[in-house]
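Asks: So the chains spell out like this:
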Amino acid sequence: MTQSVDRLENPAKTAKLSLAAVGTNHYFLATLSLLGFLALWQVISMNVPPIILPGPAKVAWAFIELTLSGELIRATAQTIWPFALGLVIAFVFGTGLGLLLGIFRPAARILDPYIFVFWSIPNIAWLPLFIAWFGVGQLTLIVFVFVSAFFPQLLTVESGAKEADSFLVEVARSLGGTKREILHVVVLPSALPYIFAGLRIAVGRALVGIIVGQLLIVATGIGYMFQFYGETLSLAKYFAPLIVIAGLAVLLNRGVNWAEQVLVPWKQRAFA
Amino acid sequence: MRELQFVNVRKTYRSPTGQDLLALADFNLKVDGERFVSVVGPSGCGKTTLLRMAGGLIPSDGGEIRLDGGLLTAPSPKMSMVFQGIGLMPWKTVEGNVALGLQLQAHRRKLTGEETRLVYATLEMVGLKGFEHYYPHQLSGGMQQRVGLARALVRQPEILLMDEPFGALDAQTRAVLQDELLNIWNRVKSTVLFITHDLDEAIYLSDLVVIMGRRPGRIKQVLDVKLPRPRYSYDARAEPEFAHLRSIAWRSIKEEL
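Going down the list, the protein sequences come from chains A and B.
Residue numbering for the first sequence follows this note's numbering, starting at 1 and increasing by one per position.
Residue numbering for the second sequence follows this note's numbering, starting at 273 and increasing by one per position.
Treat the hints with caution; some may be incorrect.
Said to hold, decoys possible - Below are the PhoX-like pairs computed for lysine-lysine, each with C-alpha atoms no more than 25 Å apart in a straight line:
id : chain 1 : residue 1 : chain 2 : residue 2
1  : A       : 267       : B       : 364
2  : A       : 179       : A       : 162
3  : B       : 492       : B       : 526
4  : A       : 162       : B       : 364
5  : B       : 401       : B       : 302
6  : B       : 526       : A       : 179
7  : A       : 179       : B       : 461
8  : B       : 401       : A       : 267
9  : A       : 179       : B       : 350
10 : B       : 401       : B       : 382
11 : A       : 267       : A       : 162
12 : B       : 364       : B       : 382
The set of hints was computed from the structure by calculation and includes no laboratory data.
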């Protein structure tokens, strides 16, 4: 915080276009690296058959075309709904159960082995079972996203709640705090950073879950676009859903980071 | 009445090898009035155990701890503790941490206007005016312990239990805080039970210095410190009486090392 203030109050540092000033301007660096990436892509695409790697201009055209035709937007909507629903339910239940198990250790000692086994099974192995149970449709998709995101959320939050500082608990006790108050004053705040850490993993897992689900079962949305344009070798169009997914992942990560900075202002960051 | 009394207090710990380790045996001590009592002793003599029992954090295995005549079994609102590890909530600001001392005592999340004024007055007393909205990690160790002290004082305790509160601070900060503690104590007039391993600190601050022997902890000697107060108004450490007391205390402790 103090560093950014320092930068604002010291215009001499940024006004001079010295190398050091360029180094501190990370927007400039980001633009530079993006241009470099596109140039490299262009050079490589000119030296291989277009069926292997289309150039950036072609990809951009395909992206615009698919957007204007409505296909990309429809697919994105079909992907976001089951994804968001599965993720939100997983977040709520994963966080809730994680906190409970972190606090009531006897219950955790009974349930932990089962949770660990379920978590260890690669989630793709569940898919045929879910299809048998829930049919080929949205419900299976939502359940699959839920299972993908639920266990990382649960386990991360549980370990966070479990590791609340026993000294701080003792301090709260010495001040007269009841069990309930200690939960509120010590345990929940110390679990908060873990809730965000869990969410980061859960978002990633849920994204994998939705794409795999759409690829393998329902034949809709972004996942199906990957399958269709991949199999028909229309690689220029293949990149459009890829860009959407990358954008979604970046957006979600930014969102989680932002929420964490607002809700966990005490966290010390070793590297700014 | 204001009286904390240890009567034949015993405490045993189970060691990792399964043996019982007697930490305190038949410990007797009375702390009362507006007195400042320090307990010194070699490390492992049970000083901290003593204070944690007085604070109602751990039970004794025998004997009684009495507060104003009644049996003490849980943390009492009449007492406040200050810890060497300080134990500030990292997610609370300075003001929030001090307010916690009242919130947990009253079992209310919301403070009354008067309580809020008390929080601010206490912050000012310990020299934290202007730092109300800082988080603990933005403060130095000495400043953090001022917050710890304010959190204890805001409860207006009859008895202040302090477990090596300045043990982790550098020598200058420690000396400054010692004087401020005496200054504050002079105003609030609570009873203080102060644990330390620093003989100079014990003599400088106290009316009574209790010297403990090695485990199982028992009282070896009690020194009456008659140096006039307020001691920050003159260089009490340079008095011949101070040197005399220190040499007695040091000889006594050395036999226990």
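Asks: Determine for every hint whether it applies to the structure shown.
Replies: Consistency of the hints with the structure:
| no. | hint | verdict |
| --- | --- | --- |
| 1 | A:267 - B:364 | holds, 11 Å |
| 2 | A:179 - A:162 | holds, 15 Å |
| 3 | B:492 - B:526 | holds, 12 Å |
| 4 | A:162 - B:364 | holds, 20 Å |
| 5 | B:401 - B:302 | violated, 36 Å |
| 6 | B:526 - A:179 | violated, 43 Å |
| 7 | A:179 - B:461 | violated, 32 Å |
| 8 | B:401 - A:267 | holds, 23 Å |
| 9 | A:179 - B:350 | holds, 20 Å |
| 10 | B:401 - B:382 | holds, 22 Å |
| 11 | A:267 - A:162 | holds, 19 Å |
| 12 | B:364 - B:382 | holds, 15 Å |
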